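Peer 1: Starting from the known structure of chain A, fit chain B onto it as the hints suggest.
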Amino acid sequence: MNVAVIDRQPDISSQTKLGIVDCDIHPYTKSPADLDQFLSERWRKMRASIGGRSRSPFANAPNYPRMSPFTGMRMDSYPKDGTHPGSDLGMMQEQLLDLFNVSYGLMMPLLGRGADERNVEFGAAMATAANEWEAQVWCDREPRLKAGVQIPLEYTEAAIKEIEKRAGDRRFTHVMIPPRGLEPLGRRRYWPILEACAANGFSIALHLGGTSGHPSTGGGWPSFYHEEHPSYPQSKEALVTSLVIEGVFEHIPNLRVALVEGGFAWLPSLTWRLDKHYKRLREEVPHLKRLPSEYIRSNIWVTTQPIEEPERPEDLLATCEWIGWDRIMFSTDYPHWDQDDPRYAFKAPLTEQQKRMVFRENALAFYGLE
Amino acid sequence: MSVPAPGAIDCDIHPALPGMQALVPYLDEYWRAHILMRGLERDNYTASAFPPNAPINCRPDWKPAKGSAGTDLELLRAQALDGFGTRYAICNVLHGAPAVFSEDLSAAMCRAINDWLAAEWLSKDDRLRASIVVPMHSPELAAKEIERMAADPRFVQVLVWEMGELPLGRRIHWPIYRAAERLDLPIGIHAGSSYRHPPTNLGWPSYYLEDYVSWSTGFAGVLNSLITEGVFVEFPRLKVVLMESGVTWLPGWMWRADKTWRGVRAEVPWLEKSPAAYAREHVRLTVQPFDAPPRADQLQRIIEEIGSDEMLLFSTDYPHWHFDDKDALPDGLPEHLLRKLLVDNALKTFPRLSP
Chain A
2 MNVAVIDRQP DISSQTKLGI VDCDIHPYTK SPADLDQFLS ERWRKMRASI GGRSRSPFAN
62 APNYPRMSPF TGMRMDSYPK DGTHPGSDLG MMQEQLLDLF NVSYGLMMPL LGRGADERNV
122 EFGAAMATAA NEWEAQVWCD REPRLKAGVQ IPLEYTEAAI KEIEKRAGDR RFTHVMIPPR
182 GLEPLGRRRY WPILEACAAN GFSIALHLGG TSGHPSTGGG WPSFYHEEHP SYPQSKEALV
242 TSLVIEGVFE HIPNLRVALV EGGFAWLPSL TWRLDKHYKR LREEVPHLKR LPSEYIRSNI
302 WVTTQPIEEP ERPEDLLATC EWIGWDRIMF STDYPHWDQD DPRYAFKAPL TEQQKRMVFR
362 ENALAFYGLE
Chain B
55 MSVPAPGAID CDIHPALPGM QALVPYLDEY WRAHILMRGL ERDNYTASAF PPNAPINCRP
115 DWKPAKGSAG TDLELLRAQA LDGFGTRYAI CNVLHGAPAV FSEDLSAAMC RAINDWLAAE
175 WLSKDDRLRA SIVVPMHSPE LAAKEIERMA ADPRFVQVLV WEMGELPLGR RIHWPIYRAA
235 ERLDLPIGIH AGSSYRHPPT NLGWPSYYLE DYVSWSTGFA GVLNSLITEG VFVEFPRLKV
295 VLMESGVTWL PGWMWRADKT WRGVRAEVPW LEKSPAAYAR EHVRLTVQPF DAPPRADQLQ
355 RIIEEIGSDE MLLFSTDYPH WHFDDKDALP DGLPEHLLRK LLVDNALKTF PRLSP
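In the order they appear, the protein sequences are chains A and B. If you use the working numbering, the first sequence closes out at 371, no skipped numbers anywhere. If you use the working numbering, the second sequence closes out at 409, no skipped numbers anywhere.
Chain B on its own, in the form it takes in the complex:
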């Protein structure tokens, strides 16, 4: 079905860094000299999880005449914001910076991206909000960056990839979650990998299509990890937002996770309720790319199986190509869900959207 719905909150759009050159003015003196000395400004450190010219990452009518999709503010404004009648849109920059192996260099690049985003995007359109890019493999530096950027209320979320060095629930990451919970920032977990490991547990697939399909299985692993390790017991106010991998895999995951829990709960005595119950309380999902079934009655059943009208968040995934024209939502979503999905759920998930 067609959006606009005036006042919708778009929880996943992707302004793109035109190149490392753009970051140079936002680096401090040491890192500017360092990066120029090594010539890193010539390498764009594009995330290989999202080849910018793959059709799925670049809707043809959203591609600027020059440069990669998502690099042109005026186009994004006209297409993503005016086009869908958006009240707020949350910018998630998908760049290779968080995957850089050196924690120090990675942190420097993340800082520069956040400052670039604030100056060149957020300050130019007051509908734009953003997620804080962090070096997840350095919990100390990541927490520090969260503290620094949280002073700017336009940053409403922390952005991490689903597949990094360690499963996201691992307790080494908890300083990040502690800071995020305290500062009213959900953890936005985006599809993608820093490729420290193969994206599947069978090894390295051959095709990008396989990687792209694997993102949702990665999310199943993320939920197993976050819930099992007790993240939501330790941080009862924390929300996580799973972005860009559909939603219809969720019921099957819930049934299996709950069944395992009933048999294996002696291993994880800190869990106070079933995995599905934790998911319904703490986990939110953006809807694009919507992995819709062929028939509306099937969709209706899946929505009932998800069993909560608070979990789904509207997104266009601009400029990625999952739908044409303005058909940003599948047909057949129940009326009571629509209003919540378009506006209310996001306001509840992101406290910083409500002044």
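Bound conformation, chain A alone:
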């Protein structure tokens, strides 16, 4: 955001020679009515009358106000016509896709209400509409952009139907699930959806978000965005814990999960803690056949943004080492205020091999892109 950074030298070579893969881009509608063309008469009326209903106090605003207009956007990302940042393809190309030579950009649309909507039928209709919008309005005009399948998480049949409908459509690379659903994602009620993802060749992108109705901390609702923003890693920790300990990866060994927009420096410590306490409490979870760390190593990937910034920059390299360089994928989070710039994100030098893996090859393999 408005942070003066004078001690960073751009690491140009990280992205000019080879096209990067950006694992977190947020396209927006110019107007909520943009989705109407993909909704039936019934749901168009619903959208215009009662509208979306989530588990939070405000109809059209997040629980925690952000620090810039349009829910925390980068200050230079506002289109001149006054529409939403991220809604103008030309601007996205200029500020992101062309500037950084992006080979592929993975879209994580934060609209459609597929997982949050309390009326699950409306949520299913909105998810379908958002998927059509992604494919037609974005992918068809800009083939470097890849779409995420939005699903109504609390409406299993419709979610599976939507996943099956998009399988084989090369515009869609991943199923997008907000981690904060009604229950931790590893719970058995979600297994049919997770099975459908794996069976249809989709990786899962767990992008932070969702309004579960549960407070952001186990001790209740915080007061400030200054607390909410750093609570995202705790969602990710709970997510990893739930998926691993419930036995999801024992049950669906080929399920591939990316944790998006949670940073990653918390992961090594969580892994050590899980292994330690598992050894003491393993009688409770006999369905696990391997150490928690082994499931994490084989089934979980992380994206970088918002990348942690240690006081000693080289400490981040050690953290990456402990996670495994083959599990880390670069992301910008364009056009959000806290987006990372590929030239500056890593403040300690990466080897050429590490750059190729993090900025490109890991994501190509994870999302099945050539």
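Be careful, since some hints might not be right.
Straight-line C-alpha distance at most 25 Å; calculated SDA-like pairs for lysine to any residue [to be verified]:
| id | chain 1 | residue 1 | chain 2 | residue 2 |
| --- | --- | --- | --- | --- |
| 1 | A | K277 | B | M55 |
| 2 | A | K290 | B | N107 |
| 3 | A | K280 | B | K380 |
| 4 | A | K277 | B | K380 |
| 5 | A | K348 | B | R334 |
| 6 | A | K277 | B | V57 |
| 7 | A | K290 | B | P109 |
| 8 | B | K327 | A | P66 |
| 9 | B | K327 | A | D339 |
| 10 | A | K280 | B | Y262 |
| 11 | A | K280 | B | P348 |
| 12 | A | K348 | B | Q354 |
| 13 | A | K277 | B | P348 |
| 14 | B | K178 | B | Y80 |
| 15 | A | K280 | B | V57 |
| 16 | B | K327 | A | M68 |
Everything labelled a hint here was simulated from the structure, so no lab data went into it. These numbers were taken from a predicted model, which means no experiment stands behind them.
Peer 2: Here is chain B on its own, set in the frame of chain A:
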């Protein structure tokens, strides 16, 4: 590595209430009659955050022949105090009393626990010190109980759970911190929840293992709350001690919290320095269960990343089971840290340990 180190200060041990019956003599007349009328002395109000027979809460060779681990003074004396050469050990009673929904009943039970602890533990071994159990959801009654117990110098800390009704930094709690700061009592924040909310922001996990792992994420939320709300600006002498959730999560928390602060500080203009700087000055952590990395060089790096040799406090977490024999500290801790961790840091954190 093996402790004893003669004179070590053990900052987290758990004498356990054998049952509500034990509190009856310590209730005043009204509450004794009330509790007996309702038959509450038959329900033990054990904290569900710590099932007493779960292996992690009950080291096999520390379990008495009869009753739950931590209920036998002689055993605790031999195992926790003599065993580790301990000069002082701070007793933290993990009981359901602070989670009782009625503020009045909760306060009555907390008072009885504190009086029971003083009479049946502290008075029987002069190495024992204790934390004051309080009804955190009633700041007024909690502050009153702190005032009452502070008259006894053997109480060296206030004990609260990390997860209660409201985030701990919320200003409604400040009367508690005001009293504690004035009376030289750190706030000891222990792992655990009164389960007013799910322990994770994804909802209710299925397994106790998940809850136990979540305690450290709860602490991240606690630090975000205490620092953001300005507790350490308002109470510059206050220290908090995070107990029973490891330490290696701290560097990652610092990096993220500082990054957020750099972008969002306009929302919290009262903060005079970064979250990590507040943490290094005001926050202390007990080391068990030590969430150690597999290799000593990794541990060395984490210790450097924490960036302060004053934050870590020795604990055994007796009778919980995190290590065998006397291996109460991981291998690879630097020499300069050991002495501070075992003794000096505790003396600086708990002014009441120095007469």
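Peer 1: Hint by hint, say whether it matches the structure.
Peer 2: For each hint, the structure was consulted:
A C-alpha spacing of about 17 Å is found between A/K277 and B/M55, which places the hinted pair at or below 25 Å, so the restraint holds. The suggested pairing of A/K290 with B/N107 holds, with an alpha-carbon distance near 24 Å, which does not exceed 25 Å. At roughly 19 Å between alpha-carbon atoms, A/K280 and B/K380 fall within 25 Å of each other, so this suggested pair holds. Taking the CA atoms of A/K277 and B/K380, the gap is about 17 Å. The hint holds against a cut of 25 Å.
For the suggested pair A/K348 and B/R334, the alpha carbons sit about 24 Å apart, so the restraint of at most 25 Å is met. Simply put, A/K277 and B/V57 have alpha-carbon atoms about 20 Å apart, close enough for the 25 Å limit, and the pair holds. Under the criterion of a C-alpha separation no larger than 25 Å, the hint pairing A/K290 with B/P109 is consistent with the structure, at around 19 Å. For the hint linking B/K327 to A/P66, the alpha-carbon distance of about 23 Å falls within 25 Å, and the restraint holds.
Proximity of B/K327 to A/D339 is assessed by CA-CA distance (about 20 Å); at most 25 Å being required, the pair is judged to hold. Restraint check: the Cα-Cα separation between A/K280 and B/Y262 comes to about 13 Å, which is no more than 25 Å; the hinted pair holds. Between A/K280 and B/P348 the alpha-carbon distance is near 14 Å, which keeps this suggested pair within the 25 Å criterion. For the suggested pair A/K348 and B/Q354, the alpha carbons sit about 22 Å apart, so the restraint of at most 25 Å is met.
Proposed proximity of A/K277 and B/P348 is supported: the alpha carbons are some 10 Å apart, at most 25 Å. For a cut-off of 25 Å, the pair hint linking B/K178 to B/Y80 stands: about 17 Å separates their Cα positions. Taking the CA atoms of A/K280 and B/V57, the gap is near 23 Å; set against the 25 Å cutoff, the hint holds. Proposed proximity of B/K327 and A/M68 is supported: the alpha carbons are some 19 Å apart, at most 25 Å.
Violated hints for the displayed structure: none, as all numbered hints are satisfied.
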